[in-house]
Structures are given as structure tokens and as C-alpha cells.
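In order, the protein sequence lines correspond to chains X and Z.
If you use the UniProt record's numbering, the first sequence corresponds to residues 1 to 287, in order.
If you use the UniProt record's numbering, the second sequence corresponds to residues 1 to 287, in order.
In case anyone wonders, no lab produced these hints; they're calculated from the structure.
Just to be clear, a hint being listed does not mean it is correct.
Each computed DSBU-like pair below joins lysine-lysine, with the alpha-carbon atoms no more than 35 Å apart [as the list claims (entries may be wrong)]:
1) Z:Lys72 x X:Lys182
2) Z:Lys202 x X:Lys121
3) X:Lys202 x X:Lys121
Keep in mind the model is a prediction, meaning the values are calculated, not measured.
Number of protein chains: 2
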Amino acid sequence: MGQSMCGHILAAGYSVSVYNRTASKADGLCKKGASFLESPKAVAEQSDVVFTIVGYPSDVEEVILGEKGIMKGLQPGGVVVDMTTSDPALAQRIFAVAKEKGCHAVDAPVSGGDIGAKAGKLAIFAGGEEQVVRSLTPLFSCMGSVTYMGSSGLGQSTKMGNQIIIATTMLGLVEGMLFACKAGLDVNVYLEAVAGGLAGSKSLQLYASRLLKRDLQPGFYVNHFVKDLGIATEECRRMGLSLPGLALAQQLYVSLKAYGEGDLGTQALVLALERLNNMELPTIENK
Amino acid sequence: MGQSMCGHILAAGYSVSVYNRTASKADGLCKKGASFLESPKAVAEQSDVVFTIVGYPSDVEEVILGEKGIMKGLQPGGVVVDMTTSDPALAQRIFAVAKEKGCHAVDAPVSGGDIGAKAGKLAIFAGGEEQVVRSLTPLFSCMGSVTYMGSSGLGQSTKMGNQIIIATTMLGLVEGMLFACKAGLDVNVYLEAVAGGLAGSKSLQLYASRLLKRDLQPGFYVNHFVKDLGIATEECRRMGLSLPGLALAQQLYVSLKAYGEGDLGTQALVLALERLNNMELPTIENK
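Pulled out of the complex, with its shape left as it was, chain X reads as follows:
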């Protein structure tokens, strides 16, 4: 996703330097005019604004707060924008470290996946100082549309709320398909019949046909979704909030990892429900 997002910023005419642990992943961006530097620190030394989008909170910590991290190179007045889906508390910690150095930090996770990143149509949820977020609008607009959510960490909290909705919606979608199959319905006809009514959703639009033709390839990785739901669950624990639907969905997604299915897409939740029921949905080839 980072490659697509950075590509849009390059295309808008900004001067860009980049870093990736696997240097070859930046080849495409370098051909378009980006310069590859040897560390996040080096990138920060040359930049007014530094964007990060990595895997896990531990990666965010290393790339921003680590020995060769962004905060070691960023000049006073500089801004670090973490677009990883990560921990709200970590976002607040980064914000505090940045403030101490006379810098700014924004948490700005995104929704829309690979497809949204390529099309420059991500939904961006930004937390931090309002005027800093506003000043970044021209950059965010290259990647999608931004909503200012409030103080540091609230971009991440919005993303967590987003993932809670998506997880339970996927659970209902898959359970409805299993019910329809077991009841003797043509699952394809069932989905078409209910899609137009109150059961309709973006998830149904996006995933129903993939599920019908048994395409479990990732738009969004199970591994990353397990991370997101884990953060959401941990936030619930921290805030003293009981969300049984989230807990159930999170546990079922974790079970996919037990079967080595972390590199499939989130629609692979169907596998957990199929195993629970010793059954398999039919594959409809012509979807």
C-alpha cells in the first residue's frame, strides 16, 4: 500500500526520499524520482513531513522511536505521520516524544485496502493537533480523503471502531451463507435475493462473489486483521469495555492462524466456520 500512496505524492510533484528494510521494494518509486536513503533517520533529516506505513506496532516503534528512527533525524517543526493501523497508546507516546523535540506527530490510519490505495481513494482517519492535520490536507488529498477525528490516538481509535464493524459484518455474511447452504438454498441466489434489502453492505458487495468462487486471496491479510482486532481487544481491556461480538470475531480469526492461514484474505473466515461445522460451501465457477 505504501508504494501506491507514495507514488501519488511523487506524481503530485513533491520531492520524496524513501526507506524500506527490503531496498528492492523501493525500486519502482526510485524510477519515478524518489531517492532511497539508508535509514528512517536519514529520510527524516531531509524531510519536512515523514509518512510511515509498516506492519505491527513494534515496527512503528522501531521506525519512529528506534536508534536509527525518524525522531533521531527530524528537525524542529517537522511532522511524522504514522499511517499504520497501530496502538492508540503508542500514537500518544510518539506524540509526546515529538512535542518534546519541538516536532509534531499525527496518527492517520486508513481504510480502503490495496484497491483504495492504488486509486488514491483511501479514507484517512487523522488524530493529533488540528492545525497540523489541516496543513497536511494537500498531501493527504493525494491519497484519499481525510477526516480530522480529534486529539492524538483518535485516528487509531476510529480505525479500531471501523474494524469492529467489518469483523462482525464478515461473521454474519459467512454465517448466513452456511445457513443458506445447509438449508438447501442455492447460495448464489440467496445472496442476490438478500443483497438488495437491509442485509446489504459494502462487505457483501466486495466479498460475496469471491466467497462463491472460493477466491480466498488477500485484499487484506488475516495476519493484519488479527493484529488489528488484537489491538481493539486490548484497548477494550484497558478502557474496561466488554464487546462480546468483537471478542467472538477476534477469536475465530485467531483460529485461522492455528491452521497457517494468516496469508489468506479476511474472507477466509469462512474456513473457520466450515471447520466448526464439518462442511464446505460449494464453489460456483461462473461468478
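Mind docking chain Z on chain X? Use the hints.
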């Protein structure tokens, strides 16, 4: 809902007789030209096609198979169409009784609620003999659009699958709102930010603003939803199907009845989650 649906059939020029346990409820239809008769049996004696939409499976049983029920009056070749959300096994039993008398039975539950019924835009899921369902298309078209789902009972099974999706989607919607509130987000801004992305759904469109302004009045009654989810759960038991998301949503909806909240709308699920968490979402008056 029956009044709106029958009104559309009257408006299309069909000759209609009606029955309701509370005769006054039919006053509006009688003013429009329907004749009120003293029993379902009497209605059936005068009709080629008889529609029923009542409360619970026990009501369906009484009105169709009872002493003064439709099957006692229906002539050979006649059709009974039950549009109640009811038990698939009961639909099959009615089908068998009808067949034995040289009659036809169709199960045709609907999705779209009060609003869909008034607008003549219901989604109708029909089970039974295909040619019988096809012959009813002109009548169904007065009320909405019909999909033929397969043999007797499969209309009801489709509706169950529909309710499974809706129940889990509502759970995710409400849990996301509680998470956002507890995290310190403006719940209104949160919902607007996520609505455009993959978290978007018809339920979010229809219920988010009602929830924000604390409007828990029924589009669709909790009591009826508890019935529907109870039937779905019982069908799962019968078929040997384990659907943990359905089970969780069903139990939470049942808890609303423990608080005497069966006459509120399905969005009242928020009350169960609020009680679980000893908190209350803010009311936003200007939604």
C-alpha cells in the same frame, strides 16, 4: 404491514375480502373497497389466492390449519401464500396439507419493513412450486419484487439467512459506537468517517442517525426479531449447524425482553450493550 400490502392489491383493481382478529384494523381497507368476512375460512371460500401475514408460527398454524382456518375453505386449485416470517418446517407441513386437498401453498416472507410495505418495495423470498410462484408474479409485483428460492420452506430459510446478517451487523454497529464513545471520539463524526468505507451498510444508513438521537421507536419490533432469531436458532439445532455469531446476537436480543423492551425497535440492542458496560451513549439532538 398487511394493511399497506393489501392496499396495493386493492389499488391494482383486484377484488379483495379480508379478515383480522381486530375487525377495526380493517376499516381503512374496507373504505377502499375490501369486504370484511367473519373468518379466514370465509375469506378462503371466496378467493382464488389467500395471503396471510400474522405474528408468530402459532398464529400461522391457527389461521391456515385451524378449525376456522383457510384450508377449511379453500377450493381445489386455490393458493395460500404465507408472508409471515415463520418456521420453514411449518411451511412444508402447510404445503403437504394443501397438496392433499388439491391446493397450493407458497411461503413468501418479506424484507423491507413498514417503509418497504408502504412504498410497495418489499423484497419477497418465495418457496413452493415454481409455476405457482410464477403465476403469482402480478400480485407480488403490487407489493415489491419476488425471487423464487426453490421448494417449500426455502422462502423462510432465505429470510432466516437475511436476519442472521442483519442481527450481526447491528451488533457490530452498536459495538463500534460504544468503542468510539469510550475512546473519546465524537460518535457522530466517527460514524460519518467510517460510513464511506468498507464498514458501510444499509443498517448503518438506516439506524445510525436514529441511534445518535436516541430514537428507539420500532421500524421493526424487538419482539418480532426475537421470534425470527429463535426460529433461526432452532433451525440450526435441527440441521446440526453451529453459528456462534447468531447465537450471541440472539441471546443479547432476548435480554431486551427481560427488561420489557420488546416493543422497541431492533436498534434498541444498544441498551443491552450499554447495560453490559454500565455506560450510556450521548444523545445528539440535531441529527
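Can the restraint linking X:Lys202 and X:Lys121 be considered satisfied, given a maximum Cα separation of 35 Å?
Holds - the C-alpha atoms of X:Lys121 and X:Lys202 are around 15 Å apart, at most 35 Å.
Given pair status - X:Lys121, Z:Lys202, alpha carbons within 35 Å:
21 Å, holds
Next pair to validate is Z:Lys72 with X:Lys182; report whether the Cα-Cα distance is within 35 Å.
Roughly 34 Å separates the two Cα atoms, so the pair holds.
When held up to the earlier numbered hints, the structure conflicts with none and fits them all.
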